[in-house]
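Novice: Residue numbers (our numbering), protein chains in the order written: chain S, 124 to 691; chain B, 3 to 255.
A portion of the hints provided could be inaccurate.
Said to hold, decoys possible - Keeping only pairs whose Cα atoms sit at most 25 Å apart, straight-line, the calculated DSS-like set for lysine-lysine is:
{"id": "1", "chain 1": "B", "residue 1": "K141", "chain 2": "B", "residue 2": "K91"}
{"id": "2", "chain 1": "B", "residue 1": "K91", "chain 2": "S", "residue 2": "K146"}
{"id": "3", "chain 1": "B", "residue 1": "K141", "chain 2": "B", "residue 2": "K175"}
{"id": "4", "chain 1": "B", "residue 1": "K28", "chain 2": "B", "residue 2": "K175"}
{"id": "5", "chain 1": "B", "residue 1": "K141", "chain 2": "S", "residue 2": "K146"}
{"id": "6", "chain 1": "S", "residue 1": "K319", "chain 2": "S", "residue 2": "K457"}
No wet-lab data here; the hints were simulated from the structure. Bear in mind the structure is a predicted one, so any value in this text is a computation, not a measurement.
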Amino acid sequence: MIDQTVTTRTVVSPPLGLLLHLKLTLFRNRLRQLTDQTPLQLLLIILFVGTIWGGLYLIFDHVFIFMGRFQEQAVIAIPYVFHIFFAAMTLLLAFSTAILAYGALFSREEPAFLLAAPNPPRNVVGIMYLESLFFASWSLVLLGMPLMLAIGHVQGLPWHFYPIFILAFLGFVPIPGAIGLLGALCVALFAPRRPKRIAFIVGGALLAFLIIWWGRLWDASAMHLSKDWISHFLEELRYVKAALLPSSWVARIIQLSIEDQPAGALFYLGVTFSTSVFVSWWATMITARWLIPAFGRAHSAPNRSKRYSGWASRCLTQFAFFYLPADMRALILKDVRSFLRDPMQWSQLVILFGLLSLYLIYLPRSRPEGFTVEWKALICFLNYGAVTLILSTFTSRFVFPMISIEGRQIWLVGLWPLSRARVIIAKFLYALTLTAVAAMSVTVLSIRALNLPLVLAIAQGCATFASCIGLCGLAIGLGARLPNFREDDVGRIASGVGGTVNLIASVCLVALGVGLFGGICLSLVRSGNLHEITLTSLSLFIALICLSLSTAVVSMTSGLRAFRTQQF
Amino acid sequence: MAIVIDNLTKSYGALRAVDDVSLHVKPGEVFAFLGPNGAGKTTTIKTITGLLTPDCGTITVCGHPMATESQAAKAKLAYVPDQPFLYGKLTAREFMGFVARMYSIDPATAARRAETYMEALAVSPFADQLAEGYSHGMKQRVVLAAALLHEPQVLVVDEPMIGLDPRTVRSVKELFGNLADEGRTVFMSTHTLDVAEAIADRIGIIHHGRIISCGTLAELRAKARQEYRLEDIFLELTSSEEPPEADTVALAG
Chain S
124 MIDQTVTTRT VVSPPLGLLL HLKLTLFRNR LRQLTDQTPL QLLLIILFVG TIWGGLYLIF
184 DHVFIFMGRF QEQAVIAIPY VFHIFFAAMT LLLAFSTAIL AYGALFSREE PAFLLAAPNP
244 PRNVVGIMYL ESLFFASWSL VLLGMPLMLA IGHVQGLPWH FYPIFILAFL GFVPIPGAIG
304 LLGALCVALF APRRPKRIAF IVGGALLAFL IIWWGRLWDA SAMHLSKDWI SHFLEELRYV
364 KAALLPSSWV ARIIQLSIED QPAGALFYLG VTFSTSVFVS WWATMITARW LIPAFGRAHS
424 APNRSKRYSG WASRCLTQFA FFYLPADMRA LILKDVRSFL RDPMQWSQLV ILFGLLSLYL
484 IYLPRSRPEG FTVEWKALIC FLNYGAVTLI LSTFTSRFVF PMISIEGRQI WLVGLWPLSR
544 ARVIIAKFLY ALTLTAVAAM SVTVLSIRAL NLPLVLAIAQ GCATFASCIG LCGLAIGLGA
604 RLPNFREDDV GRIASGVGGT VNLIASVCLV ALGVGLFGGI CLSLVRSGNL HEITLTSLSL
664 FIALICLSLS TAVVSMTSGL RAFRTQQF
Chain B
3 MAIVIDNLTK SYGALRAVDD VSLHVKPGEV FAFLGPNGAG KTTTIKTITG LLTPDCGTIT
63 VCGHPMATES QAAKAKLAYV PDQPFLYGKL TAREFMGFVA RMYSIDPATA ARRAETYMEA
123 LAVSPFADQL AEGYSHGMKQ RVVLAAALLH EPQVLVVDEP MIGLDPRTVR SVKELFGNLA
183 DEGRTVFMST HTLDVAEAIA DRIGIIHHGR IISCGTLAEL RAKARQEYRL EDIFLELTSS
243 EEPPEADTVA LAG
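Generate the whole structure from the sequences, applying the supplied hints.
Specialist: See below:
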């Protein structure tokens, strides 16, 4: 017989608290799994976040101490720091909440499950909105907390500054978050098949705007870092202090708390919180009203996918890997096509190296009379550090998972008449070519921008290329040694145990490389002549090359040995 | 009527996925919904469950129009999609507990039913493991058990037999038969024609978004005027590029 407990009574919608309880249970289970199964990974995550957080705190602390030396200027400059920081956070939070909310509401299977049950759409939107806000606000926690703690420490602020800034953060986050939620809804309604393209266009437009604005600011005065230039700089920034911007309210809360005016701070806190509640409610209701149509469009819009002929990728692979046999080239061609057709991969390289290139193009203008020997060596050293750090993030995120991803296609790759050693070597050569082209282009720009003498130019070029070999060899080798064949998501593979080990090993390699390159630069500067090789610099250079090459050889050999006997 | 679909139309841009479909499914009936890939089965199912809004037409579940009383309609149905959804970081038992609370079932009843369905679908041996380690078949069984927890009057299932071993297929077939005997409705989309032939009371065939044939297996055979197997009827009806008119279906021998 039919149980009448559900069928005859009035329908009671499950409360939002139930979904919140579900999310907390998921979080608890995840945490329990981490502590039980991979405590080392958890420890490393905490250690890394703590290091970054502590490092930022120290930097901000020193910046505020430095600014404090110029009392008159500090009075003007410090409020600007807060206004700029929260204005930038508004953009970042809106953008990241939009991406997260789109993923949570329109990409995953979870909303379909929840909406097929008698859950009101407002509850489904509400929980996804809260989840997106939680993850998006990590940037504010990571950057904002050390900033606030540093100003609190340097200025010796009273205890009530700390709860006020935390409340200010809590009130602020939902305002850009609500904009992001509505942005995600608009994408689902009007461009459901192109969310990544939309995100890329908006992000690119934002970046282009910032670059053009920065370029205008930079060109505004011939005497950079002069008083005129600083006045002009602050004049250009007046928009971020507009009274109607929520970022200005939060900046005012912080400023008034620093000036020990709690009444004023509480007034702006009230304005921020009331706006936050209102816009969140409004955005949630609008999204809930349009959720089903938007969900339907996102999941069922006709696929007007572009057709690919693939001739460009084929020509590119033929040209770049002409020296390889056809079977290895075929494997590389597959990876080249995957790379070119996945904006997540190439956009990271383009954005990071693009920004670095832009800085290098503007670098000579900052000192038209040219750099001294010391400055040349220092900037060259910093450029090498920046390039290798970017390389390490790229190889950890995209090169390491390359072997794991093949696990899904091992029925194909595993049955090819291609030995596993050749698979590994093909992957390595592909990754090396890609990273070397990007890194060496920026390095050549750096050498030209600084007009480096031949000795230092050769040292920087060779060190960068050796780092490419070391980092790619490490990522491919560890990728084969510690693969994760259960996941098909590159991000999840990169954030797993193997990915974390690779990230740490890469950072250590970069740190050692940067240390050795720093030694080369220092040795050349101490000799007073960047044109002549010293014994110390030569020894350090050989050590750096040997370190990179041996890292690549050891990890590739170890990875190959494991991959040969790997069961799928 | 358990499910009433009247003049349902749903388009995606220029593509008409479902074109003026009307269907009435009675309580206590196992209805098999067949059609080639892209015929409009999943779109129809998603519209019945309220996940898609129709461009035209109405859907009523147990007397509750989905457009205006969606909460009441959803309380009386359960949906098992073709790709079973589970939270990877929940165990099957925790998932069942969450579903029970979602449908406001009291804990004692929920625990009793959960044990019954987990036993029937052989979920118990892995009920306390995290779902992220389950195979497709295990997930399918858990989702099916969870869907039955609030004892829905209408069970909508999309490809229920994919990934299940023969023993579980037998259990699921028996389960669907028992549900129908209790007066509940099973609306099942499937490509497994043997299953449809074995347990369905009525069969509807959709092609290019239109219902081209609907009736009992005997009625479909009578239309064909020969002792066809369902597979032959299905292949014959869906062989054309353009859908034949529903009223003039010719099942030539």
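Novice: Could you check the structure against the hints above and give me the numbers of any it violates, in ascending order?
Specialist: The structure conflicts with no hint, since it agrees with every one listed earlier.
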